[in-house]
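S.K.: Generate coordinates for the entire structure from the input sequences, incorporating the hints supplied.
Number of protein chains: 6
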Amino acid sequence: MIIDSHGHVTAPDSLYVYKAQILAHRGAHGRGGNLANDDDVKKALHSPVFGGSSHLDQLKEVGTDMQLISPRPYQMMTSEHPRLVSWFMEETNNIIAKQVQLYPNTFRGVCGLPLTPDVSPKAVLPYLEKCVKEQGFVGLLLNPDPGECTAHQTPGLGDRFWYPLYEKMVELDIPGHIHSSGCKSERLPYSLHFINEESVGVLSLLNSDVFTDFPTLKILVSHGGGAIPYQYARFEASSLRGKGARFSEKMRSLYYDTVLYSKDSLELLFKTVGVDRCLFGTERPGVGTVKDPRTGRWLDETRFTIEAIDWLTDADKKMIFEDNAKKLFNLKVPATAAA
Amino acid sequence: MIIDSHGHVTAPDSLYVYKAQILAHRGAHGRGGNLANDDDVKKALHSPVFGGSSHLDQLKEVGTDMQLISPRPYQMMTSEHPRLVSWFMEETNNIIAKQVQLYPNTFRGVCGLPLTPDVSPKAVLPYLEKCVKEQGFVGLLLNPDPGECTAHQTPGLGDRFWYPLYEKMVELDIPGHIHSSGCKSERLPYSLHFINEESVGVLSLLNSDVFTDFPTLKILVSHGGGAIPYQYARFEASSLRGKGARFSEKMRSLYYDTVLYSKDSLELLFKTVGVDRCLFGTERPGVGTVKDPRTGRWLDETRFTIEAIDWLTDADKKMIFEDNAKKLFNLKVPATAAA
Amino acid sequence: MIIDSHGHVTAPDSLYVYKAQILAHRGAHGRGGNLANDDDVKKALHSPVFGGSSHLDQLKEVGTDMQLISPRPYQMMTSEHPRLVSWFMEETNNIIAKQVQLYPNTFRGVCGLPLTPDVSPKAVLPYLEKCVKEQGFVGLLLNPDPGECTAHQTPGLGDRFWYPLYEKMVELDIPGHIHSSGCKSERLPYSLHFINEESVGVLSLLNSDVFTDFPTLKILVSHGGGAIPYQYARFEASSLRGKGARFSEKMRSLYYDTVLYSKDSLELLFKTVGVDRCLFGTERPGVGTVKDPRTGRWLDETRFTIEAIDWLTDADKKMIFEDNAKKLFNLKVPATAAA
Amino acid sequence: MIIDSHGHVTAPDSLYVYKAQILAHRGAHGRGGNLANDDDVKKALHSPVFGGSSHLDQLKEVGTDMQLISPRPYQMMTSEHPRLVSWFMEETNNIIAKQVQLYPNTFRGVCGLPLTPDVSPKAVLPYLEKCVKEQGFVGLLLNPDPGECTAHQTPGLGDRFWYPLYEKMVELDIPGHIHSSGCKSERLPYSLHFINEESVGVLSLLNSDVFTDFPTLKILVSHGGGAIPYQYARFEASSLRGKGARFSEKMRSLYYDTVLYSKDSLELLFKTVGVDRCLFGTERPGVGTVKDPRTGRWLDETRFTIEAIDWLTDADKKMIFEDNAKKLFNLKVPATAAA
Amino acid sequence: MIIDSHGHVTAPDSLYVYKAQILAHRGAHGRGGNLANDDDVKKALHSPVFGGSSHLDQLKEVGTDMQLISPRPYQMMTSEHPRLVSWFMEETNNIIAKQVQLYPNTFRGVCGLPLTPDVSPKAVLPYLEKCVKEQGFVGLLLNPDPGECTAHQTPGLGDRFWYPLYEKMVELDIPGHIHSSGCKSERLPYSLHFINEESVGVLSLLNSDVFTDFPTLKILVSHGGGAIPYQYARFEASSLRGKGARFSEKMRSLYYDTVLYSKDSLELLFKTVGVDRCLFGTERPGVGTVKDPRTGRWLDETRFTIEAIDWLTDADKKMIFEDNAKKLFNLKVPATAAA
Amino acid sequence: MIIDSHGHVTAPDSLYVYKAQILAHRGAHGRGGNLANDDDVKKALHSPVFGGSSHLDQLKEVGTDMQLISPRPYQMMTSEHPRLVSWFMEETNNIIAKQVQLYPNTFRGVCGLPLTPDVSPKAVLPYLEKCVKEQGFVGLLLNPDPGECTAHQTPGLGDRFWYPLYEKMVELDIPGHIHSSGCKSERLPYSLHFINEESVGVLSLLNSDVFTDFPTLKILVSHGGGAIPYQYARFEASSLRGKGARFSEKMRSLYYDTVLYSKDSLELLFKTVGVDRCLFGTERPGVGTVKDPRTGRWLDETRFTIEAIDWLTDADKKMIFEDNAKKLFNLKVPATAAA
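Protein chains in written order, with numbering that gives the first Met the number 0: chain Y, 0 to 338; chain W, 0 to 338; chain Z, 0 to 338; chain A, 0 to 338; chain P, 0 to 338; chain B, 0 to 338.
Read the hints as simulated data drawn from the structure, not as lab findings. Bear in mind that the values here come from a model prediction, so they are computed numbers and not experimental data. By construction, the Cβ of each residue, glycine as well, lies at the ideal position given by its N, Cα and C atoms. A few of these clues could be false.
Below 20 Å or equal to it, Euclidean Cα-Cα: the simulated DMTMM-like pairs (lysine to aspartate or glutamate) are [what the hints assert, rightly or not]: (1) LYS183(Z) <-> ASP158(A); (2) LYS242(Z) <-> ASP291(A); (3) LYS183(Y) <-> ASP12(W); (4) LYS270(P) <-> ASP291(B); (5) LYS183(W) <-> GLU248(Y); (6) LYS249(Y) <-> ASP263(W); (7) LYS42(B) <-> ASP39(W); (8) LYS41(B) <-> ASP12(W); (9) LYS183(P) <-> ASP158(B); (10) LYS42(Y) <-> ASP56(Y); (11) LYS183(Z) <-> ASP117(Y); (12) LYS183(W) <-> ASP117(Y).
Here are some, though not all, of the chain P residues that point toward chain A, as calculated from beta-carbon distances under 8 Å [to be verified]: (13) VAL16; (14) LYS18; (15) ALA19; (16) HIS24; (17) ARG25; (18) GLY29; (19) ARG30; (20) GLY32; (21) ASN36; (22) ASP37; (23) MET76; (24) SER119; (25) ALA122; (26) TYR126; (27) TYR189.
M.R.: This is the structure we're talking about:
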């Protein structure tokens, strides 16, 4: 069974029309919304996207059995007014919940949180609880930079600022998937900001007491861990000067997805953190859904790339494709889906 | 011959005492300085550092014949008052020039520039010219974030803001070595900031017209290119959607040093950008100068790591260790040194 | 003939999906756009809107022969990044131009300008010239507060800051329609901000030398002139203390539209500024497109309200409904349309 | 009996000399003050002002029997240092209290509050209580923008920020008269800022729960309600889309004074909000105290303008001139005064 | 002959009423002013002030023959809006000019300049020229901190920022009297701010090239030079480490007035800077116009204090009381006055 | 016995190398430090400094028996990050404590506090207690401007903000020595900032209730009290207008050191505040450790200057040189030292 741990929602256009409206009227027209209806949601999943076939077809094309879907991060607008962020995030999560409800064999939901700069994560705990207990979400996006590259900086993930959220995650037994939202700096695009924030998040967590204080906390890092697996040795050096564990050992407190799109990088990841720490992920349809004219293949056909790595055993691959995701997200896979 | 392209000055203590003073009196005691005397400079190079032997001995221990030395980046304090930055940078460069003068077979200088936030690179061109023409520097540190993680952001390296510097670099035929200075954010240490800024710098350059406008511009990226060689495929995807060259091809407009300290990462780098784009570098003595208790070896014995990569040919290794550096920096190596 | 001088575009959903995207990727996906195609534009005008029938049908229902359409002001996002503002404004104007091209008997275009805070109007003059000369726009929206109620304040319309724009308007012989964009303050909704900014704009203009320096400048004030016709006597008092003309006389340097939705207010407007200064306008479909349950009629059936004012002569009404608009906007009405 | 609900104090020059001094020494000379002595206060009321006769004579000239006097709003300097604001406001209120004491048949006091930006109204409640219980004030000026058009914005009057004040007003059974202070923006003069802030205040109150939470709260809006009676229909439209009461009905939760100076506007006001909601007011001597050369009459002879409206009954006029004010302010009018 | 070099205007109350008004209406009432009429100006000089007799009588009481009068510094409000500063300063200077015109044997004028933060002194040169050439002013107040202790800092008096003013002063051959305006900090009163700014001004000038670049520039320091004559030896120490002149010698480039009110301090001043550098000054009526209950004498009877210093020769005293002032200010004293 | 109450530590170079490092790595290398070892500390005290002999020898040369040593104020960097300030201050204090331990007959310690802007003094009380009780410090530096001339202003010393510290000082029975740290303004050097802040501190304290609320609080003012003894009469004037004690009497609530370097100034000080309020101090080696070429003597040979004042009695001098310091600092002087 192939479980893609890193997918983002293909939402109806109405979600983005709604976003444009609330950013413009700022509440003057009332909250509105309630966009998660069966027809629109189905239509969105059956329309061509990202230059290819439909979202559902794209999964089939690469043999994905189940996908964890979360909000499109670059659209999350977390640096906007908290009221608007909250409305948009709830609409987005509702659409995801509707997709899971309509396609229970195919999708599971990872919710976005309406975290905004300068606001404690405490503020979103009741909503998180509702997402998990009432809407069936199995994980959450953990956004280390709600300020979106503006001057509003949020403490690193290793800071006690985040502890209320970690307590609730442990209580609910759900993982957090590190993924930042947009980037308003002129210096770098959001896509690189994702990578940089993953590096920042990993380092902040591993140089903190978080895993001592929350030994059962579960964190999944997007895009193969940012720069860290490639650059880990410079941090290994620092750790060898101190008294604690080696950095490379601490790296195994975290999980990493395989959204990398290159075989060499995937191999480096598996070697560096261990296959028991890696979850298959593609973000398909998404950034990698483009055909390489040299090969005629989609860049996000990551499944076949992994299958082609000859030094991985079948058990290794099963861990990557299925077992690790099931364990981390406590997935209850229906018999029909597994078939 | 082994040329280490990435080393930082081991300066006399007086340089840092001076730094503490000028930051405190801000000019009230006058400029002072003039620290680059033979005795202090020699003594600094012969005293134990970084938990090992002296700088000179550390080079010998790993068989380095020549090292390019530049200011210690994390000490460059580029976000402080421009007058103080300028004084400190000149003292530092003078010490480097003195080291090169005293050990002409061993060192070549890469100068720091007193770039500060909100100031055009134009302001430092006369000083750069002096460094190269009068003091014999063969390259410069190109600092993409003089603001040191504060709110003072500097345009990306692909912005026309930097063109006056690029013009002068082309005119002088010297390369810029991308390396940021300190980091005043609480979210990440300077060591990771280096990595992130290298990624930002590479992406900004490759998504710009810089190499079209300056085809002979020479840029060396520190630490194996930040996250980019590991994460390049997501940017490859974007480039395949556009009309320009593939991202992976454009990556070969740049040069990369080997300051990575792990064999897997080094192999990834060589495969991704090509050995003709890689320059041997260790930063030794520096962050990697620590012994791994498991192996009893220094982490920055990068030379032996590279030599142990069996798929590299002797010619490959010669390019990495010697030829690429000679070409990029126009190194005139004395016969005695080459011996 | 009934000419509605104040209408806003009913654009395809794709425009707002585009807006949401560019606000999120900030240019990383390239400019994209090119949304003004025949099919989408036609479909938008034939779909039900604002709780009623289609835009085109709504015009017919109240007998409007021709409507001047401009961008939806509250969506103009002029306080965002100038690059994004420019892209969005051009797409919007292109859609308007396409509507005019497709329905030449029904629509004329009034373009929005990509004015942003802290930028001189000089910057947009070439684009304005293109709108008028190449795309056939007959007027422009004059936004007195591109900062959208943020701390970025723009000089009043009477300030010389605006002179480059006024010069160009005179040269092109096109009027400016005062209309602000959104409002990011928590204290008031955009709808009231429109009114307040109209008052600010009128007072700033009339207490300045603008009409002395540009005697042929043509300015139309939205929504019946904000508060001014109702509150004019307090400013009359000030003018009687000074040496210049009476305020009530200076008010006749401007034109006012009839977007007021109440008979008493319309009568006050006509009496205060004179019918030769009033242009019929409804913003239909728009804020007034709602049925009053007491009367069963749309609030924006302004035409019938005006026709019911018994003290207006037929010539008065013709001025309001047709002549003033033709003169102000230099409208060339096709014979077929006038039929 | 003619009661003018909207008058401002004609204070001795010493008050403004005092203001200039405390703004200059900022407390270094001590508080000083104590300006409310019989002689100066009497002299101020008997000296010519605003280009006419004395304050007392000006009332007689138009037959005003009683006037409610409050601080001159544009002089209130509420955006200055809280200590200075408090000193100046107390001096001003003391002078008003002295005038009422000296002329008990002619004046009643409406106190100013030393509200400053970023300070909760809670801070002024003890002082308000003293004004009412010890000094006999019958109302207060409710300033929606203590920041005086600077970047220090205060929440709208509908916000819970104001609830402590509303509770105290209900407890003391006194009305608040909406009137802003100065305006430091270059874009508009304070006189228009008054109007705009009245519109903002009315909309904020009517779109909030204030009158649900404080059904007996009494609010009087200056200058005929800003723009709202003229522009109400656009807000009516919004209300018809929602579930609550019509906007035009909610408008009758408030009271409005007649400081408009034009007959057409007064008629619009009476028709729109009802004469039972209108209180006679002139601000005389004040902005309207200027003679119109065409008529040879003062603009603020509002009494005669209202008396000339033929469709108002005698009972209507009595409500406007007397009854509404007596009820709203709980005025105890001495027999001698009513004579 | 006794010439008091440091006196401030005793202006009519109307000046401060005017100040309060313009700070409140900010120009909305027009500029107004024109307060310098014979009656008001005479009355102000003949009314009791500062707890004693009239300004003119106070001069007679201590035998002052002539006084140089300038604006009251703490009232100068230089951190307010430039337009308002300019209006107020011109009114104040006009009143001074009127006093000089009315009492030509008693007064000479020292004008204030409408310098405001962030504005180059260049902006006020035409006005300064008018003051000197048309209104007969013999000197100017040189305000080193127009920002009045706010965050708007102005470069030190030794900075080239001030050169345009110095050039004009040399050209007009008039001295600048260092005197700051108000102080908006909560940490210190304006009276101490005067002292601190005099110290800052003296140090900045003497550690600069100003007197090399303008050898004929004439600067008078208020209040006996701030802290410098008392603290000079610490700066002497610094100067002995450098190459330039001794600090104590450079101090003699400046002039100092005697506004100190204590005999010991006066003696220290005379000894430290030399009597040829000291000008008699009292600021009477002013801060020192208070009777000491122990002696029954005014603190600002400085004349008698100086006369009682036995080690001063008659020539010394004549220099202090008369000669130095005549020379510095180029005073043309009428025969009648000198009598 | 000669006790110098105002001396600053001559620390090993390692302290300033450490400062440069922590300002650069900001904690990334860990705290490090622990610099107070016997060898380095002894060596620092025996090496030539300030252009003369060693610190210990310089004391002997002028016959100083005991010196109170505190951190070098201009190096205290109190406006930097609180964590770094705290580390640096602790290292500095530890070195002082080590010097006192090694030379118990010669030194006593006055500790610096890690006060930073916007932080209540409460935060440093536990550390202060440790300094006094565990490390034997006999006083503390009281820094009125931790913000070092930046926009971060700290309330005046008379403000209740400081009360927690004053309570603790009274409880521990130790004096505070007013001394500011650096100055980041371009307008004045730190050396003058010291003087200005002493004036500000004295005035703030004496115009407050501090000595009423803490009658046993002990405060020593550096550098002879800033400008105040020279300028006191202008504040005397203000006090004579009020109800409280005379300013000159209140000045005797404080103590003053003799760091002035000029005989006239010293005499003024003694006369103005009384010898029972003065403590001998030189800051030697320090700013005054320079030879006057005219006399061939060090400027900080203050002892001989005081001894040469003929109007001081032997008892006066003993108070200044010994008794006042013993009493204020509760000095326990070993018999050997007093010998």
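S.K.: Quick one: which hint numbers does this structure break? Sort them smallest to largest.
M.R.: Checked against the structure, the hints that fail are numbers 3, 5, 18, 19, 20, 21, 22, 24, 25 and 26, while the rest are satisfied.
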